[in-house]
Amino acid sequence: MTRDNSIDKILLRVAEIMIQELKLEDVTPETFDPAIDLVDEVGIDSMDLATVALVIRDEYRIRIDEDDYPKLTSVQLISEYIERKLKEKAAEGAAA
Amino acid sequence: MVMSTENKGGEGNRLPEKEWTFSEILAQPRILERWQKVKKWFFLRESTYDMTNRCNIRCDGCYYYEGDKQFAQENRDPEAWRKLMQTEKARGITFVVLAGAEPSLVPDLCEVCHQEMPLGAIATNGLIFIPDSIQYRIHISVWGSDETSLNIRKAKNMLRRQIENYRNDPRAVFVYTFTRENIDQARNVAEILAADGCRLTFNMFSAPMGYDGSLRHTADSLKECRKAMLGLLEKYPGHLLFSPYSAVAHTHTSGLHELFSCPYPRMNPSTAIGLGRSFRQYRTDLSWNRSAACCVPDTDCRDCRHYAAGSAVVTARMFRHATDPDSFKAWLDYVDTYLAVWVMGYEKGPNLSDNPIAPPGHGLF
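In order, the protein sequences belong to chains W and H.
With this note's numbering, letter number 89 in the first sequence gets 89, and the count goes up by one each step, no holes.
With this note's numbering, letter number 364 in the second sequence gets 364, and the count goes up by one each step, no holes.
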């Protein structure tokens, strides 16, 4: 069965990962504001982002460069990054 | 697993035999247990503070008396320090390092810092006892045998006086700084400290800007230091807070910046996240300067192998060590060591790695 990798699904899954990894309370994947700044408004730091990046790398089997993850500071930005990487991967697969 | 840009190969460098996912790495129970132990401390965000421009001794190669920070006016008002600590807490700082020139000369200011900020460490020469009420880690600097200390630091019977002050003190960690000239003395110093039940860790002399004296390391002395460190680690595992990977990271011919890209503001222009965002190094007049901000200002960054720098520089590079179980274990050992050295109440576990491994993208030496 093919996984649904629409941006909406990715947004929900990334929010779920955030909630699990950062042990956030009083928020659900559905109510998580994807635009909220994780550093300024949620208070996460580089080690948290690195941990989330590793979980996402596992989950979507995508390449995440070390220079990239510090810039992924909202669920929206992370989801768009994943979507772009999945497209690149699919294009590489099709070309191979 | 698809890896990032690290581990490019090269002489002596290991390449993972397979592509590991992070969850596969964490599936090993010892790794998972240690990961969960260290992860609880990811909230630590440090800044450092020069407490006074005075010192009761004067050491060759002292970083404090390089550059212009030594000329900053002292602020000796405890309430000004209290307000600073409150402001620091408000901007997210959770760990303070009280350093130059000699914090034990201003115990009232250290006390105020501790009242406002419960986690921290003090760097001292150990000749003046810091009151018990200040429950920070206390790092007591040792630069060799008493004969060497007399030559370099102009103080008599230093080790004996330091031990008298801090024997059986749970706050104390003796920090042996390897210079080019005292490598063989480390064995004797470690033996004395272990016999007195003192814990120690290792630092590497890192030359101040412009320093080209006899303490500066060479490739040969770095190799000798590593050998001495690993030998002592084997001999005193209960007293020495260190790991095989710590030895590699701090005695590599490439300095910490070249190996791991230093994230301190002085070398990192980004203010987005991590140390580049939050770290400040305050002078005694409570001012700070982003362009000079790192844990050992006025050190030559190319030569920096300082233990305080490594504690942040290596720790921040978790992502690039999550390539295979061996690399991740080495990183966990490093972080476990760093936390035990710096945080009161944190106890180091046995090292997960028995052997030195190469830093990601580099050879062993």
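The set of hints was computed from the structure by calculation and includes no laboratory data.
There could be a bad hint or two in this list.
[Said to hold, decoys possible] Cross-link-like lysine-lysine pairs, in silico, DSBU-like; alpha carbons within 30 Å at most:
| # | chain 1 | residue 1 | chain 2 | residue 2 |
| --- | --- | --- | --- | --- |
| 1 | H | 39 | W | 23 |
| 2 | H | 348 | W | 87 |
| 3 | H | 40 | W | 23 |
| 4 | W | 23 | H | 156 |
| 5 | W | 71 | W | 85 |
| 6 | W | 23 | W | 71 |
| 7 | W | 23 | H | 348 |
| 8 | H | 89 | W | 89 |
| 9 | W | 9 | W | 85 |
| 10 | H | 39 | W | 85 |
[What the hints assert, rightly or not] Chain H residues, not near chain W, derived (Cβ > 10 Å throughout):
| # | residue |
| --- | --- |
| 11 | 83 |
| 12 | 115 |
| 13 | 128 |
| 14 | 132 |
| 15 | 141 |
| 16 | 218 |
[Claimed, not checked] Pairwise CB distance ranges (calculated):
| # | chain 1 | residue 1 | chain 2 | residue 2 | range |
| --- | --- | --- | --- | --- | --- |
| 17 | H | 77 | W | 89 | 55 to 61 Å |
| 18 | W | 67 | H | 151 | 43 to 49 Å |
| 19 | W | 24 | H | 157 | 54 to 60 Å |
| 20 | W | 90 | H | 235 | 39 to 45 Å |
| 21 | W | 24 | H | 33 | 20 to 26 Å |
| 22 | H | 67 | W | 90 | 50 to 56 Å |
All C-beta atoms in this analysis are idealised placements derived from N, C-alpha and C, irrespective of residue type, glycine included.
Broken hints, by number: Those not satisfied are hints 2, 4, 8, 20.
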